[in-house]
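Chain R is fixed; fit chains Y and D onto it per the hints.
From first to last, the protein sequence lines stand for chains R, Y and D.
Quick note: the first sequence uses my numbering, first residue 49, plus one each step.
Quick note: the second sequence uses my numbering, first residue 10, plus one each step.
Quick note: the third sequence uses my numbering, first residue 355, plus one each step.
Warning: the hint list may mix true and false statements.
Simulated pairs of lysine to any residue, SDA-like, Cα-Cα distance not exceeding 25 Å [stated by the list, open to error]:
| # | chain 1 | residue 1 | chain 2 | residue 2 |
| --- | --- | --- | --- | --- |
| 1 | Y | K109 | D | L404 |
| 2 | Y | K109 | D | D402 |
| 3 | Y | K246 | D | L404 |
With beta-carbon atoms standing in for the labels, derived distance ranges [to be verified]:
| # | chain 1 | residue 1 | chain 2 | residue 2 | range |
| --- | --- | --- | --- | --- | --- |
| 4 | R | A358 | Y | N77 | 48 to 56 Å |
| 5 | R | V414 | D | V390 | 48 to 56 Å |
| 6 | Y | I253 | R | Y80 | 22 to 30 Å |
| 7 | Y | V218 | D | D402 | 29 to 37 Å |
| 8 | D | D402 | Y | G145 | 31 to 39 Å |
| 9 | R | P61 | D | Q513 | 46 to 54 Å |
| 10 | Y | L181 | D | V403 | 44 to 52 Å |
| 11 | Y | N77 | D | V386 | 46 to 54 Å |
| 12 | Y | A192 | D | V403 | 35 to 43 Å |
| 13 | Y | G57 | D | V390 | 44 to 52 Å |
| 14 | Y | I253 | R | A358 | 50 to 58 Å |
So the derived list for chain R, only partly shown, Cβ under 7 Å to chain Y, looks like this [said to hold, decoys possible]:
| # | residue |
| --- | --- |
| 15 | V58 |
| 16 | N60 |
| 17 | R64 |
| 18 | G81 |
| 19 | E129 |
| 20 | W139 |
| 21 | P288 |
| 22 | Y289 |
| 23 | A292 |
| 24 | V296 |
| 25 | I299 |
| 26 | F310 |
| 27 | F311 |
| 28 | Y322 |
| 29 | I323 |
Calculated from the structure, these hints are not laboratory results.
All C-beta atoms, glycine included, are put in the ideal place defined by N, C-alpha and C.
Residue strings, one per chain:
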Amino acid sequence: MASGLHESDVANPVLRWIDARLPVITMMQKEYGTFPTPRNFNYFWNFGALAMVNLLIMIATGVFLAMNYTPHTSMAFDSVERIMRDVNFGWLLRYVHANGASMFFIVVYIHIWRGLYYGSYKAPRELLWMLGVVIFLLMMATAFMGYVLPWGQMSFWGATVITNLFSALPLIGPDIVTWLWGGFSVDNPTLNRFYSLHYLLPFVIFGVVFLHVAALHITGSNNPLGIDPKGPQDTVPFHPYYTAKDSVGLIAYFVVFAILVFFFPNMLGHPDNYIPANPLVTPAHIVPEWYFLPFYAILRAVPDKLGGVALMFGSIAILFVLPWLDTSPVRSMRFRPVAKIFLFLWLIAFFVLLYCGGKPPEEPFVTIARVAAAYYFLYFLVILPLLGRLERPLPLPESIARPVLRGGGPLPVGAMSKPMEKA
Amino acid sequence: MPVKATLKAVVVAAGLLAGAGLGTLPARAASGGEALPHVNFSFDGLFGHFDRASAQRGFQVYKEVCANCHSMHLLSYRNLRELGLSEAQVRGIAASVQVKDGPNDEGEMFERPGRPSDRFHSPFPNEQAARAANNGALPPDLSLITKAREGGAQYVHALLTGYEDPPPGVTLMPGMNYNKYFAGHQIAMAQPLSSDGQVEYTDGTQPTVEQMVRDVSQFLTWAAEPELEQRKAMGVKMVIFLVILGGFAYAIKRKVWSDVH
Amino acid sequence: MADSMAPGAPEDGGTRRDFLQLVTASFAAVGVGALVWPFISSMNPARDVLALSTTEVDIAPIAVGSAITAVWRGKPIFIRHRTQKEIDEARAVPLDQLRDPQTDQSRVKKPEWLVMIGICTHLGCVPLGQKPTDPKGPFDGWFCPCHGSAYDSSGRIRQGPAPTNLAIPDYAFETDTKIRIG
Chain R
49 MASGLHESDV
59 ANPVLRWIDA
69 RLPVITMMQK
79 EYGTFPTPRN
89 FNYFWNFGAL
99 AMVNLLIMIA
109 TGVFLAMNYT
119 PHTSMAFDSV
129 ERIMRDVNFG
139 WLLRYVHANG
149 ASMFFIVVYI
159 HIWRGLYYGS
169 YKAPRELLWM
179 LGVVIFLLMM
189 ATAFMGYVLP
199 WGQMSFWGAT
209 VITNLFSALP
219 LIGPDIVTWL
229 WGGFSVDNPT
239 LNRFYSLHYL
249 LPFVIFGVVF
259 LHVAALHITG
269 SNNPLGIDPK
279 GPQDTVPFHP
289 YYTAKDSVGL
299 IAYFVVFAIL
309 VFFFPNMLGH
319 PDNYIPANPL
329 VTPAHIVPEW
339 YFLPFYAILR
349 AVPDKLGGVA
359 LMFGSIAILF
369 VLPWLDTSPV
379 RSMRFRPVAK
389 IFLFLWLIAF
399 FVLLYCGGKP
409 PEEPFVTIAR
419 VAAAYYFLYF
429 LVILPLLGRL
439 ERPLPLPESI
449 ARPVLRGGGP
459 LPVGAMSKPM
469 EKA
Chain Y
10 MPVKATLKAV
20 VVAAGLLAGA
30 GLGTLPARAA
40 SGGEALPHVN
50 FSFDGLFGHF
60 DRASAQRGFQ
70 VYKEVCANCH
80 SMHLLSYRNL
90 RELGLSEAQV
100 RGIAASVQVK
110 DGPNDEGEMF
120 ERPGRPSDRF
130 HSPFPNEQAA
140 RAANNGALPP
150 DLSLITKARE
160 GGAQYVHALL
170 TGYEDPPPGV
180 TLMPGMNYNK
190 YFAGHQIAMA
200 QPLSSDGQVE
210 YTDGTQPTVE
220 QMVRDVSQFL
230 TWAAEPELEQ
240 RKAMGVKMVI
250 FLVILGGFAY
260 AIKRKVWSDV
270 H
Chain D
355 MADSMAPGAP
365 EDGGTRRDFL
375 QLVTASFAAV
385 GVGALVWPFI
395 SSMNPARDVL
405 ALSTTEVDIA
415 PIAVGSAITA
425 VWRGKPIFIR
435 HRTQKEIDEA
445 RAVPLDQLRD
455 PQTDQSRVKK
465 PEWLVMIGIC
475 THLGCVPLGQ
485 KPTDPKGPFD
495 GWFCPCHGSA
505 YDSSGRIRQG
515 PAPTNLAIPD
525 YAFETDTKIR
535 IG
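Looking at chain R on its own, in the form it has when it is part of the complex (with noise of 0.2 Å):
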């Protein structure tokens, strides 16, 4: 600590000049480097790393889109033909800018599927949980604007009906939808503040996901057995083990993403977003982006304009709370044979709930999306706060380190029971 330095190792004097005044090699090799990581994770562990690296393409793919877009409804949509047509690679930056966003939203549903299985929003997590769900959300908001841009009929529709949802709330709901249209529809002025705030909130994103893996660093990573590393013998430092093997997952996931970018570019989009937006026709059939589908079905699935959009909100509020809802000590749902199956029940509720949201707003879909929609939030306001005082846990390993040495069988069998494992 003399004079203030930092006592840097790093062997290269250039770089420990940096390190002793800045300490970042220093911090890396701590946070990336050495950083004890439980030996246990499966490739579900992959998705964080996944969902960061997607979010830097979708940065740099924006970026370069923003350098030949227009932000005007007289010109929108052809500056978008114009990158498709005339822009040297144009085509590929706005098929991966667009695929990309679907790809986000499948990596971080993954991701939050992670943490609803093992637990991981559960004690010390419960911060860096919360996080994730901010994230989340700018995404959602982040998305919604970006698919304004190529005014198309989609995008115009989607922008009106949306931010019509506003105007349930009472008294301030219209004004609060004019002041976000700037005007008295979508036009011209809500292009271009949709343009502004889809090219800033990505970096809000930015700067809340440094929060998270901060947060993540602090209690360190959960992993699939819900317990706490003991020593040594149940970590691995983060590089080699780690990095080797997200990079196996990070190729994986670009396979895909190819896939879909050269083969399948507008698969998970709407041929109707390929004709000019047009301010008096409404489309026959208007759906949002597939990743929105899910809420959409829960908006629908309430008779009240008021109470769907309140619903919808707190189908994803609902998560902030989790972490207290969920009453049971034990993380893992390995070690929860009951709760398991309550979980897969609502990850069914929420792909019919997906499903249901892309159909037209008609019998048997209605009910069938209202029937998922109370199970969406029955699972989260009774189910898990009663299984956690009526489940019986199965018996918890008394380390990671034991049944991976033992070559990793499902269960410890002499194990001791320790439900009550230190949270």
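This is chains Y and D only, laid out in the frame that chain R set:
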């Protein structure tokens, strides 16, 4: 255990993808009604490419038939070079239309022969004029039509061959035509390609209705996705590269983890 | 560093792993390089920009002694219908007085028509001298108001900081009264 978890992750990912696909399906099924007859096109599949001779004939069909009502304002004459037309041919085609330009030094708009850099000439100056000339119906711009309609080229092919007499009990509104594959079945456009030999091909191909429809579908697909060949070719290379790289990465991962497992 | 924390030191197979890593890393580097290229390339002029790179100008209305400014690739093109006096002046200058020696004959296709890119070769301003009322500088040509470069009636640099003569674009006389630039 890791294998099982990998499987799980793959299943979840596949489920999300499939769910995503399913979620967008309903709107697609709803717009057509009848199932589209399947036609094989040269641009289908992983190694798809454009049949340039067919697309050139399709351009001829567009120019002589469709262009009387339908614009293609996103295309320029210079783009036709990608279909294999020579610079001189493109110049000739461009010069055959009069383009409004200006203002000149006297402040007046003037007409001049088209240049390769000009956009395709639109048959109507604006939407209102197009509607006025077509009983109030707007002939859609065709630049993106295969991307803007569910079914793409298959739909274009089906629509152009889907004209028939209305079934008993169906009364057509005035000026409308019956089409099996059009949403609502009543379409303002009269059957545009109705008789063999309507367009005279110069390359010896028999201009049957089916041939003309296929050619124009080929042309319109190229117009909507001019990057298709480059995209698919690049995709094949990309996936091969990634699979090899993935093999290396997996080998490293196995080596690194060999002392832990 | 990392090895100190590893449960078992990876002694065996160390070199094989190193080789594998080398191959993989170089392979991945090729991939990253290939991915960076589309981004860089997308900033080059797009196809529609390149396609607009010719302009046709009708020069019939330009009287002797006057000039017009056309636009080509977003740049001003000076087209001057020179007087005999201006031509004679330009041709009388000995080449050794020039910073960027070029004969007037080599800068024109027809002596009375001077076609140049109207951008000062110093830092890109547009020189004055097109309008009859503009200052033409001490050499009866063009004068750049930004940093005082003066050009003669052939557009050659004579005084001031500009290093080279005003550039001549590719152009051709399509007819006697029409030129195509680019």
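Okay, the hints, checked on the actual structure:
| no. | hint | verdict |
| --- | --- | --- |
| 1 | Y:K109 <-> D:L404 | holds, 21 Å |
| 2 | Y:K109 <-> D:D402 | holds, 19 Å |
| 3 | Y:K246 <-> D:L404 | violated, 29 Å |
| 4 | R:A358 <-> Y:N77: 48 to 56 Å | holds, 54 Å |
| 5 | R:V414 <-> D:V390: 48 to 56 Å | holds, 49 Å |
| 6 | Y:I253 <-> R:Y80: 22 to 30 Å | holds, 26 Å |
| 7 | Y:V218 <-> D:D402: 29 to 37 Å | holds, 36 Å |
| 8 | D:D402 <-> Y:G145: 31 to 39 Å | holds, 34 Å |
| 9 | R:P61 <-> D:Q513: 46 to 54 Å | holds, 52 Å |
| 10 | Y:L181 <-> D:V403: 44 to 52 Å | holds, 49 Å |
| 11 | Y:N77 <-> D:V386: 46 to 54 Å | holds, 51 Å |
| 12 | Y:A192 <-> D:V403: 35 to 43 Å | holds, 39 Å |
| 13 | Y:G57 <-> D:V390: 44 to 52 Å | violated, 27 Å |
| 14 | Y:I253 <-> R:A358: 50 to 58 Å | holds, 52 Å |
| 15 | V58 | violated, 24 Å |
| 16 | N60 | violated, 25 Å |
| 17 | R64 | violated, 28 Å |
| 18 | G81 | violated, 14 Å |
| 19 | E129 | holds, 5 Å |
| 20 | W139 | holds, 4 Å |
| 21 | P288 | holds, 5 Å |
| 22 | Y289 | holds, 6 Å |
| 23 | A292 | holds, 4 Å |
| 24 | V296 | holds, 5 Å |
| 25 | I299 | holds, 4 Å |
| 26 | F310 | holds, 2 Å |
| 27 | F311 | holds, 6 Å |
| 28 | Y322 | holds, 4 Å |
| 29 | I323 | holds, 5 Å |
The structure does not agree with the numbered hints 3, 13, 15, 16, 17 and 18 stated previously, though it agrees with the rest.
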